[in-house]
Each structure stands twice: as structure tokens, then as C-alpha cells.
Amino acid sequence: MLNCKSLVRFAGCFCFILFCLYWFMLNPRLIVLVTEAALCLVFLLIVANDSIRISDNAKYLLLLLFFCLLMCFVFTPFSVPDEAHHFFSSYWLLDMLPGGHGVASDGFYVRSSDYDLYRNTDPYISGANYNDLIKGLFSTTSNLKIEKFSEISYTFGSENIPAKIGSLVGLFLGLSLNLNSYLTFYLGRIGSIVVFVACSFFAFKTAPKGKCIIAFVSFLPMTLHLAASYSYDSGIIGYSLIVFSLLMKGFFSSDGHLDSRFIALVFLFSALLAPCKVIYSGIICLFLLIPLSKFKSKRDGKFFKIGLVFVMLTSVILFRTASIANLTAQSGQSVRGLETGTFYTLSDIIFHPCHSFKMLMATFDSLGDFYWLTTLGYSLGWFQKSLIMPTFLMLPYLFFGFMCLVGSASDDCYLAPKVAVAFVVAFLVAFAGAFVSMWIGWTFNTEELIMGVQGRYFLPALPVLMFGLRTAKVRCEANVCNLVLYGTCLANCIYIVRLISIAAL
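In our numbering, the protein residues as written are 28 to 532.
Rather than coming from a laboratory, the hints here were simulated on the basis of the structure.
Keep in mind it's a predicted model, so treat the numbers as computed, not measured.
Built from N, CA and C at the ideal position, the CB exists for glycine as well.
Don't take every hint at face value.
Below, computed lysine-lysine pairings styled on DSSO-like, alpha-carbon distance capped at 27 Å [stated by the list, open to error]:
#, residue 1, residue 2
1, 162, 321
2, 332, 321
3, 445, 323
4, 332, 445
Restraint-style ranges between C-beta atoms, simulated for each label pair [said to hold, decoys possible]:
#, residue 1, residue 2, range
5, 34, 295, 26 to 32 Å
6, 281, 134, 52 to 58 Å
7, 155, 78, 41 to 47 Å
8, 385, 183, 35 to 41 Å
9, 411, 127, 33 to 39 Å
Use the sequences and the hints to build the structure in full.
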């Protein structure tokens, strides 16, 4: 006889199948059918997860890999924001390596087939894009002729090289094997996925507490969207999750004193994260709040904290000094896409406080909803209007995010009040930094709103905000980590069914 729990599971599966059927009736294409079939299988496996005898870590890894790969192929080439910029920056970096084609003062060199893919691909997804994708993946022809590319220029200071390791390796393999343009392009995306999944899995496995937060952030549609692209945000989010897991280990580890392996890992990932976006340096500074008693000796603790500051500053100076100086000192005509004008400067912001205050308030009033919705991922791709999700489909993500803030028997740890405030402040520093950088680097001084800020900029700092806001006053006796992990994945199944059905029209 079925119990109440089994009936709820059966009803959930039945409703999801009806949901899939509705969207297939609207777009009865093979690609929609195959995607829906895969998602139905995953949906059923998640609902019946109690009978699957593998570890929670393995379930996390397999689910993350599945959704990242699915997002990789749902989005056709160059349909992710700024992907052309990131794809050709990877090309540019490979050209400068020994054995590369080299670079010229007015451009660098790419294969004609890859250049043609860029020129002939519409960044807005449609059924025609998928037709080209399927043909391209199985094509046996490729134009290996080399030609100069000069549409975009790059500098070392502007390209976050540590965050592009995965896409660089994938693209290098595709070019070395003389694969066609589609296979080469997707091999670069898969390289990015491998690095992100490895970082996220390491973070999930390492963190003694806060696993539900890692699961929530890593499975958000926006995160999956970025992880499965050439964007350096993929690497930045992956590194930030590891930094968060190391923070959890530093504050809550029960394995005794923090050892040299912990110190080495903190130094390594701080050196990787800090130069990518200086605005996230506040997250790294939270390690300075770890009590000295957590180390084998006070001497080791002091060495760790002094060394951390040195590593962070050195990495920023080596990789970012030039770009920061250019950003703060720029004046005169600047280019933003096809537009030209003069950007605001720090002097404009500081010495005109009333105008700056009005701009901030007007920006939040006009774009506040856009920020939190794009953090979750209601609008993916090049802000393609047809792909925007209804707000009610984003509400489950808000619920699971809230569940990360409550106490539970499986994750019953909280920060001291002063440390919790510091965690929130670290997020606010990143939040403010994102606005200031776009204010002086993307907003013309004739505009009354701060332009260019997107919710994805807040994802690397989101874990520290969520843990800083965690409270013991609200408790849940269920396993919150599993609830968040499986609940977010089920929400993703619904999300992707709607996404692929509309995108493939």
C-alpha cells in the first residue's frame, strides 16, 4: 500500500511528465524529445534517490556534470553573453605560446573555419541554430587555413588568465587534433566544465559545513550557464567555492589543528582568485579572522596571516595593476560596443555626492529586480526576450536559498556575531565594487543609471553572504543539504524543459 510520501513522489513525477508533454506538443522536435527524455529520467532518479546506493558526494558530482553538459549543448556557439570575446581571447593566449601562430600589432591569427563560425552564427538561439549545430558536430570538413583576426584587441591585464585554464586546454586540444570548428569550440567549453566541476566537487567534499550553500550556488541556472561557456566567470565561481569551503574548514574543522596542506591550499586559491576580480579580495581577507588557536602554534597562525596578505597583494600587483590604473585614470572618449562617449570617473562620483546618490537610488529603483533575478538566472543567453523565465518559476530557487539560511540537525553551525557581520561586509564590498567598476568603466557621463551591472557578478560572493546570514532562530529537522541539492535540480529540470522547447522553435 502506498504511503503519503510515495503518493507525493508519484504525483510530482506525473505532473512533470504532463509538463514535458505540454511543451513537446508546442514544439515536437527530436531535440526537444531527447532532452525531455533525459530530464524525465533524471527527475525520476532524484525522486527515487533513497534507493540509489551511492554517496552524497558522488550524487552531487554526477548531477553537476549532467546539468553542465546539458547547458553546454543547449546553448549554441556564441549565444552566451560576451562569448565571442572570451573565445577569441583564448585563441589570442594560445597564439602567444611556443608553437602558436604568434600575434601582430594589429591582430592575431585564427583558423578560417573558426572565424567563419563566428561570422555566420546568430547569437540568438533558434531552431536553425540547432540544425547547424547537429550538422556541424558531424561534419568531416574543416578549413585549416590561417587568417588574421583584428575585430577585438586584448591585454594581459584585462583577461583573467587563471580563470581560463579549462577553456585554454580544451581549445588547444581541438586545434592540435585539427577538429572541425564546432567540435573545437565545444571542446573548449567542455574544458571549462571540467575545471568548474572539479573545483565545485572539491569544495563540496572538503567543506565540513555549509555544503547546502555550495550545492545551491553551483546548481543555479546562471552558474550552470556560465560554467558551460568560455566565460572566465566559470573559473572565478569555481575558485570562490573552494575558498568558501576552506573558510568553513578553517572555522569549523574538527580534525585538529589546521595543517600545512590547508595553508598551501588557501595560498594557492587566494592567488588564483584575487587577481581575477579584485572586488572579491574581501572574501579572502576573512581568513584573517580564523582564531590563532586553530593552528598548531600561534607562530604558524601569524605566518599564515602575514603570508596570505603577501600572496594576495603579490598576485594582484602582478596581474591587475595596469588594468586598475587604466580604469581609474581613463578620461576622454571611450568605446562601449558600437557607442562612444566619456565614462564617469572616480572624481565625478566622489566630488558630486548628491548626483551620485540620486544615480544609485534611480538605478536600484529601475533595475533592482533585474539584479536578483539575473543572479538566479531568469534571463540566460544574450538577454533573449523569448528565453526569459516567468518570475514564478524562479520562486523555488528563492525558497531553497532561504533553506540554506536556517539551522538544521545536519548543519548546525553558526558564526560568532562579529564574524558573521564580517562575512556580510565581504559580500557588500564585492557588491559595491561591481557597481563602482561599471560606473567608471561602462557608464557614460550623460546617463542617469549605472549601466552594465549584472547579477552574475555577485555569485562568487554569494556563499559568504548566505552563511553570514544563517540563524539558529529558525530550524528545519530535515536534511537541508539533500533538500537543497535535489530540490534545485528538480527546479532545473522544469527550467530546461521550457528553455529548450522555446529555444528550438
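The hints, checked one at a time:
1. 162 <-> 321: Since the Cα atoms of residue 162 and residue 321 sit roughly 58 Å apart, the hinted pair is violated (cutoff 27 Å).
2. 332 <-> 321: holds, 12 Å
3. 445 <-> 323: holds, 24 Å
4. 332 <-> 445: holds, 19 Å
5. 34 <-> 295: 26 to 32 Å: violated, 50 Å
6. 281 <-> 134: 52 to 58 Å: About 56 Å separates the Cβ atoms of residue 281 and residue 134, which means 52 to 58 Å holds.
7. 155 <-> 78: 41 to 47 Å: Given about 42 Å between the Cβ atoms, the range holds.
8. 385 <-> 183: 35 to 41 Å: This hint holds: roughly 37 Å between Cβ atoms.
9. 411 <-> 127: 33 to 39 Å: holds, 34 Å
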